[in-house]
Structures are given as structure tokens and as C-alpha cells.
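Chemist: What follows is the residue order along each chain.
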Amino acid sequence: MSSPTHTADDTWQIGETTLSSRFLLGTAGYPSPDTLRLAILASGSQVLTLGLKRTLAVPGGGDNGFVQIIRDTARAHGAHLLPNTAGCRSAQEAITLAHMARELLGTHWIKLEVVGDEQTLQPDPFELVAAAAQLIHDGFEVLPYCTDDLVSARRLVDVGCRILMPWAAPIGSGLGLLNPWALRTLRARLPDITLIVDAGLGAPSHATAAMELGMDAVLLNSAVSQAHDPVRMARAFRHAVEAGRDGHRAGLMPTSDVAIASTPVSGQPFVLP
Amino acid sequence: MSDLITIQTDHGPLQLPAGSTLATALTHILSHAKQDSHSVATAVNGQFVARPARASCPLADGDTVLCFSPITGG
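So the protein lines, in turn, are chains A and B.
The numbering of the first sequence is this note's numbering, which starts it at 1 and goes up by one.
The numbering of the second sequence is this note's numbering, which starts it at 1 and goes up by one.
These are computed hints drawn from the structure, not numbers from a lab.
All values reported here derive from a predicted model rather than from experimental measurement.
Between beta-carbon pairs, the in silico distance windows are: (1) D10(B) - R71(A): 20 to 26 Å; (2) Q92(A) - D61(B): 21 to 27 Å; (3) H32(B) - R189(A): 49 to 55 Å; (4) L4(B) - L175(A): 53 to 59 Å; (5) G160(A) - Q8(B): 32 to 38 Å; (6) G251(A) - D10(B): 51 to 57 Å; (7) D9(A) - L30(B): 45 to 51 Å; (8) D10(B) - N64(A): 16 to 22 Å; (9) F126(A) - A18(B): 38 to 44 Å; (10) L4(B) - Q122(A): 44 to 50 Å; (11) A60(B) - R232(A): 50 to 56 Å.
Lysine to any residue pairs mimicking SDA-like chemistry, simulated, CA-CA at most 25 Å apart: (12) K53(A) - T24(B); (13) K53(A) - C57(B); (14) K34(B) - T6(B); (15) K53(A) - H80(A); (16) K53(A) - Q8(B); (17) K34(B) - N45(B); (18) K53(A) - A33(B); (19) K34(B) - D10(B); (20) K53(A) - A43(B).
A few chain A residues facing chain B, derived, Cβ under 8 Å: (21) G26; (22) T27; (23) A28; (24) T49; (25) L50; (26) G51; (27) L52; (28) R54; (29) D63; (30) F66; (31) V67; (32) N84; (33) L104; (34) L105; (35) N221; (36) S222.
Even glycine gets a Cβ: it sits at the ideal position worked out from N, Cα and C.
Taking the hints into account, I'd like the entire structure generated from these sequences.
Modeler: Now the structure itself:
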């Protein structure tokens, strides 16, 4: 979606697709399809996430028109769909679901998720690497949802991932950046990899902080969909992402443990040198 | 050898003539769900079966056939 606040000189890419918005939006948990549609528009997002489910387990599917709204809104505004493999516990499950998503949604992009722990929903780095290697071989653009661990991130890069999606905190926790040092380290050690902070962001200020660290984009869902006013929150995050990005590009001042006077008064005003 | 096979689906066991394919099974399954075959992706025993391969994918007694559709997601 075009926006007067998107800067034409600050684009980024997923595969061969050039994007200007750095805010990827999840589509789950909105109170109504129309609220979701309005939130998408307010976010300015150009990438919308979807999942897959055995919907035939529920007569009629239980979708209530949400997926159609997503497809229609994406089509009308030139946004792209990013299916995920949520719920998978093994590489094989994720590979199967990714192929299904490609057939159903006509995209070779896949947000690769493999859960390794039931309480934290922490990604399983070993299954992620195995799935990513196979899916890249099968022609997918793989966006793995991973932790902020540098070594497992490197293994994903080694098998061909050009984009990583490290967590800020566990999915749906809203805790914000639990380990800024780890994210800063990822940025410093993987300068050519696109980094999208995914999961755990609860407030617009969290998104700003992530972008100030030099992340390329953020992806979030619950912070918007669970807000009292999802449309307003989508707009707030949009501005927060843009502010953080501008702050990073402008260059943050160095920090200091002691005060450094900013007004050039040359000592005390009534004391002669 | 029985003339019928029983496959497992989200709607419970489904009996089909021996030699039935995934395409045949899908016709039966989707008749309950008011969905067309292009709106779902399919897996047999956890393995993806692409649309063009459904008609040539034979089912055996005990196979599990599952259908998937897009949903909202984060």
C-alpha cells in the first residue's frame, strides 16, 4: 500500500519484491472482518500473514469471511500474503504445510514456524534448519521464525535463508525486547541478512526500539488485534515503526554514564574564571 | 480381498470402493463441507498431494486423508 509517509529511498526486499512499509501485520484475533480490513489499511502494511488449518474439522470451516477480506484487501492495495506453518512440531509437518500454502495461496513465501517447547512456543532450531534446507531446495523464499541465538541463526543462513525473523519475546506475550543485546549482536554479525523482529511486541514503543537497533522490519499481530481499538493501534504501530527506522537512519547519539551539558554556558553563569 | 477400503478423515471413517483415488475420496469429503476441491490442499498420511496428482493417487485401507484451508494467522 502506498503511503505519503513511506520514503521512496528506503525500500527493502523479500526475494525479488521491493517493499516500502516495514510493518508486517498478522491477521488473527480481530473482532470482525471489517475491523481487520480497517486495521490493515491503517497499518499501511504490504505483507499480511495467514495460517492453514484443517478447517473441515469444523462444519462450514468457521472462517466467517476473514480470509476473503484479507485476500480482497491485499488484492485491492497490492499487499502480499505470507502464509505460516503455525502449529507444526516437526520439519516434515512444516514442509508439508508449506507446500499446501503455496498451492492454496499462490506464493512461494513461507513464514517457517516449528515449535520446540509447548509453554514458550520457542522455535526448535534443529527442525527449523532441516525444514529450511528442504524448502529452499523446493523453491521457497523461507522466512524462519527463530530465536535470537546467533549460532542457530547462522545455521539458517548457511542453508540459504536470506531473511530471519528473530523473536523479541514469546508469541503473544507482549513483553517487548527481552534481550536487546542479542538482537544487536545479530544485526552486527549478520549485516547482509534481512532481520524482521517477530513476536512478543506489545507496545508501539517496542517496535520503535527494535527499529532503532537496526532491524529491517517488524511483524506483529496480537498487540493490534487485541487492542481496545485495533485500527488506532495499527496506526500507532505504523508511526512507531517509521519513527524507529528514521531514528536508526539518522544515527543515535552515543550514550554516557555521566552528564554532558548541552547548553554552551562556559561554566557557572556568575562565577569568574 | 474386500471390495471396500476404509480411510480416516476429519469426518470419521469413510468407506470407498477398493482402488479409489484421492480425487474420489475428496468428492465424498467435500460434499459434506460445501467447499470445492480447489479451496483445499490435501495430504495422505501426512504427505502433501498436489492437485494434479489427486486423480492418480490410489488410496489403501487405513490411509488418512486430511484437507487444509487458509485461516487468519500471525
